[in-house]
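The opening residue of the sequence shown carries number 809 in the working numbering; numbering runs sequentially from there.
Among the clues, some could well be false.
Restricting the straight-line Cα-Cα distance to at most 20 Å, the calculated cross-link-like pairs of lysine to aspartate or glutamate (EDC-like) are [as the list claims (entries may be wrong)]: (1) K844 to D909; (2) K839 to E850; (3) K903 to E819.
The hints are simulated quantities; they were obtained by calculation from the structure and are not laboratory data. What you are looking at is a predicted structure, and each value in this text was computed from that prediction instead of being measured.
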Amino acid sequence: MGRKSEMIRLEYYVALAFALYFVGLYCLATKRNMIKLVLGIEILINAANLNFIAFSAYRLQGFVDPLAHSIVIVSIAVAGCVSAVALALIVYAYKHYGTLDVRKLRRLRE
């Protein structure tokens, strides 16, 4: 009758976090659009947050460390502020230079 509550194994969370990490690295390595670069950075931060939560839940059986959750909440808030500032700078760069392509903006520096 009653279903036993089972936790998903830690390996699945770590595999998902690594997949997110590599997607973020792929975005940073291949994309030229500044908005996509900011999204890649956000994906990397979310992968790290997922690892924090997963490792805190599996540290001791039946006990979840609240410190990791508070670190993740602060990390999410800081990442939101950083992305807001980055997007504001991107809007300014687009208005000033008319492009979001990183390679074209590097050529303007020369």
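- request: With a cut-off of 20 Å on the C-alpha distance, tell me whether K844 and D909 pass.
  value: The hint holds at about 10 Å.
- prompt: Given the hinted pair K903 and E819, is their alpha-carbon gap at most 20 Å?
  reply: Between K903 and E819 the Cα gap is close to 46 Å, so the pair fails against 20 Å, i.e. violated.
message: Run the distance test for K839 versus E850: straight-line Cα separation, threshold 20 Å.
response: Distance of about 14 Å is within 20 Å: holds.
The structure does not agree with numbered hint 3 stated previously, though it agrees with all others.
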